[in-house]
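Given these sequences and hints, build the entire structure.
If you read the protein sequences in the order shown, they are chains E and S.
According to numbering that gives the first Met the number 0, the stretch in the first sequence is residues 0 to 264, in order.
According to numbering that gives the first Met the number 0, the stretch in the second sequence is residues 0 to 311, in order.
Don't read these hints as lab results, they were simulated from the structure.
Everything numeric in this text was worked out from a predicted model, so none of it was measured.
For each residue, glycine too, the CB sits at the ideal point set by N, CA and C.
Treat the hints loosely; a few may be bogus.
Claimed, not checked - Straight-line C-alpha distance at most 20 angstroms; calculated EDC-like pairs for lysine to aspartate or glutamate: (1) K256(E) <-> D306(S); (2) K298(S) <-> E29(E); (3) K46(S) <-> D43(E); (4) K296(S) <-> E178(E); (5) K298(S) <-> E231(E); (6) K296(S) <-> E231(E); (7) K42(S) <-> D219(E); (8) K39(E) <-> E44(S); (9) K54(E) <-> E231(E); (10) K10(E) <-> E178(E); (11) K38(S) <-> E21(E); (12) K256(S) <-> E231(E); (13) K296(S) <-> D209(E); (14) K38(S) <-> D209(E); (15) K256(S) <-> E21(E); (16) K39(E) <-> E297(S); (17) K42(S) <-> D43(E); (18) K296(S) <-> E51(S); (19) K54(E) <-> D306(S); (20) K256(S) <-> E226(E); (21) K296(S) <-> E21(E); (22) K46(S) <-> E21(E); (23) K296(S) <-> E254(E).
Claimed, not checked - Here are the simulated distance ranges between beta carbons: (24) K256(E) <-> K38(S): 41 to 47 angstroms; (25) R227(E) <-> K298(S): 17 to 23 angstroms; (26) T182(E) <-> D25(S): 41 to 47 angstroms; (27) F125(E) <-> P83(S): 33 to 39 angstroms.
As the list claims (entries may be wrong) - Incomplete in silico selection of chain E near chain S, CB under 7 angstroms: (28) R42; (29) G206; (30) H207; (31) M208; (32) D209.
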Amino acid sequence: MSRLPVRKTYKLFIGGEFPRSESGRTYEAEGQNVARASRKDVRDAVRAARGAFGKWSGMTAYNRGQVLYRIAEMMEARRAEFANFCSGPKEVERSIDRVVWYAGWADKLAQVLGSSNPVAGPYFNFTVPEPTGVVGILAPPEPALLGLVSRVAPAIVGGNSVVVVASEPHPLAAVELAEVLATADVPGGVVNILTGRLEELAPVLAGHMDVNALDVSGADGEVAELERLAAENVKRVVRGDADDQSPWEIAGFLELKTVWHPIGV
Amino acid sequence: MAQAPALPTGFELPLEPRLPRIGSIDQVAIEERAGTLAKRSIKRESKVFALELAVRMTDLTTLEGADTPGKVAALASKAVRPDPSDPGIPSVAAVCVYPNLVPTAVERVRGSDVKVASVATAFPSGQSPLEAKLDEVRWVVEHGADEVDMVIDRGAFLAGRYAKVYDEIVRVKEACGDAHLKVILETGELGTYDNVRRASLLAMAAGGDFIKTSTGKLPSAATLPVALVMLEAIRDVYEETGRRVGFKPAGGIRNAKQAVQHLVLVHETVGVDWLTPDLYRFGASSLLNDILMQLRKEKTGRYQSPDYFTID
Chain E
0 MSRLPVRKTY KLFIGGEFPR SESGRTYEAE GQNVARASRK DVRDAVRAAR
50 GAFGKWSGMT AYNRGQVLYR IAEMMEARRA EFANFCSGPK EVERSIDRVV
100 WYAGWADKLA QVLGSSNPVA GPYFNFTVPE PTGVVGILAP PEPALLGLVS
150 RVAPAIVGGN SVVVVASEPH PLAAVELAEV LATADVPGGV VNILTGRLEE
200 LAPVLAGHMD VNALDVSGAD GEVAELERLA AENVKRVVRG DADDQSPWEI
250 AGFLELKTVW HPIGV
Chain S
0 MAQAPALPTG FELPLEPRLP RIGSIDQVAI EERAGTLAKR SIKRESKVFA
50 LELAVRMTDL TTLEGADTPG KVAALASKAV RPDPSDPGIP SVAAVCVYPN
100 LVPTAVERVR GSDVKVASVA TAFPSGQSPL EAKLDEVRWV VEHGADEVDM
150 VIDRGAFLAG RYAKVYDEIV RVKEACGDAH LKVILETGEL GTYDNVRRAS
200 LLAMAAGGDF IKTSTGKLPS AATLPVALVM LEAIRDVYEE TGRRVGFKPA
250 GGIRNAKQAV QHLVLVHETV GVDWLTPDLY RFGASSLLND ILMQLRKEKT
300 GRYQSPDYFT ID
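What follows is the structure, given as structure tokens:
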């Protein structure tokens, strides 16, 4: 007997939920109608990210690593679906491996990036890395999955929460990743994914006073205007590569805090 | 006993047997109407107008056991000039504090248009002897409070002793002298919309200048349906007697959007005459910062962060 297949509606991912754009708009990408986020969706996503930041950054590094590993587990279970939304199985495998690689860094960051500093006095002097806060990420247009994972994983492993503007021409991998995140023990709001027009969303994110850092890896060419907007509240602006894998990618979204403590007390 | 102001016809209080004649509230309809009005879309210029109005209508409030003169002084300064970086933002209507802190607040707002309101009559429970309540009211008025926020004796009201509640309000009004009297019904403890309507009419008949929803000490406070019930009571009194009684929702109004929803309710129920600080107030603390953030967002085009506004 024939049946009508259930068609999927491609929606946003904000605060652990899957809303349509508040504007009701969609745009066509990869042969599908995908939600086209508005500035109000950016606002809602930043609010969700800010709300999630306290819990996520307060979790133990070990625990955050476990959650990232769990993301990789869930991606592994959806390899076939992911392969349809990117260049193929090879990209999916590299993406999963990259998540696992960053998962391992969660409880090693402080040792590698932090330090105990010699000072001329009877004090301990420690430098410890802390997350920057809410990070806005403009995901690279390509590769659809690997580029996204390569920018999001280093930001969240350090304890930041993120608002991602997915690749405009290839958003389906990001929507699929949202399905994974929703079932991977990632607290709602830690990763928020918006699909839509980069040109419309990027300036709102760059100008938002409650965003603390901006990853412009996915911005094409001229980013001077975004940097100018980001300067108003001194956002950390990071420009990375779609295929980077390095602890320095994590360090880009960390602040180093130095504390003094008297010896012998 | 003091002479009460003229009663609305048909609402001859405090005659208890006649109270049911004030009618009852259709719960489903009132909640539906409040819900519908809350969904109304407000365009940009109207929103900016509503937000600036809401600032001017705010009773900036701190009612905590941990209140200190320092905290009240800071609050009063903020009341006079809510956004130090933007002199275009008007002062709020009043600061609302506990009796002991009235002198501090008075000292700090001197020279501005900001009024000082004090809660009194054994706030928040109202469970004290009348003489003690009256002494408290006289004390705050003597120390310079322009407005008194009293609580009704909910215990007496719920026990059906409406006359006691009524008499207390009359006596407190008398003790207030020239100070404005706001009567807090604490709707969260009244149980039903019918009771909210009865208490509203009772408070207005007894001479309250304002009726106010809540103390802010209960989780269920100034909800939109409760506000609508009270506004309709105010409208009924106005239509019967021509007397304008003010309204003050308090408790639970934390963001600009809620404030605008309340203003829509006012506009649609009692009309534009009530869109003035003389007849409408918001009892709030965290609301003000959210409004300031919204106003700055409208001005700069950037969404704002609480990091750049004061922690009160």
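Open item on the list: Against the 20 angstroms threshold, does the CA-CA distance of K39(E) and E44(S) hold or violate the hint?
Closed with: Holds. K39(E) to E44(S) sits at ~18 angstroms (cutoff 20 angstroms).
Open item on the list: So if I understand the rule, the pair passes when the alpha-carbon distance is 20 angstroms or less; does K256(S) with E231(E) pass?
Closed with: 26 angstroms, violated
- [ ] Given the hint that K256(E) pairs with D306(S), test it: the Cα-Cα distance must not exceed 20 angstroms.
- [x] 19 angstroms, holds
Open item on the list: So if I understand the rule, the pair passes when the alpha-carbon distance is 20 angstroms or less; does K296(S) with E21(E) pass?
Closed with: Cα-Cα ~19 angstroms, so holds.
Open item on the list: Quick check: does the Cβ-Cβ distance between T182(E) and D25(S) fall within 41 to 47 angstroms?
Closed with: Holds: the Cβ-Cβ distance is about 44 angstroms, inside 41 to 47 angstroms.
Task: Holds or violated: K54(E) to E231(E), with C-alpha atoms at most 20 angstroms apart - done: 27 angstroms, violated
- [ ] Starting from K42(S), check that the Cα of D43(E) is at most 20 angstroms away, please.
- [x] With a Cα-Cα distance of about 19 angstroms, the restraint between K42(S) and D43(E) holds, given a limit of 20 angstroms.
Open item on the list: Please check whether M208(E) passes as an interface residue: C-beta within 7 angstroms of a C-beta belonging to chain S.
Closed with: 4 angstroms, holds
Task: Holds or violated: K296(S) to E51(S), with C-alpha atoms at most 20 angstroms apart - done: With a Cα-Cα distance of about 13 angstroms, the restraint between K296(S) and E51(S) holds, given a limit of 20 angstroms.
Task: Restraint check for K46(S) with E21(E), where alpha carbons must lie at most 20 angstroms apart - done: Distance of about 19 angstroms is within 20 angstroms: holds.
Open item on the list: For K256(S) and E226(E), compute the direct alpha-carbon distance and say whether it is at most 20 angstroms.
Closed with: With Cα atoms ~31 angstroms apart, K256(S) and E226(E) exceed 20 angstroms; violated.
Open item on the list: With the threshold set at 20 angstroms, check whether the alpha-carbon distance from K298(S) to E29(E) stays at or below it.
Closed with: 38 angstroms, violated
When held up to the earlier numbered hints, the structure conflicts with 2, 4, 7, 9, 12, 14, 20, 23 and fits the remainder.
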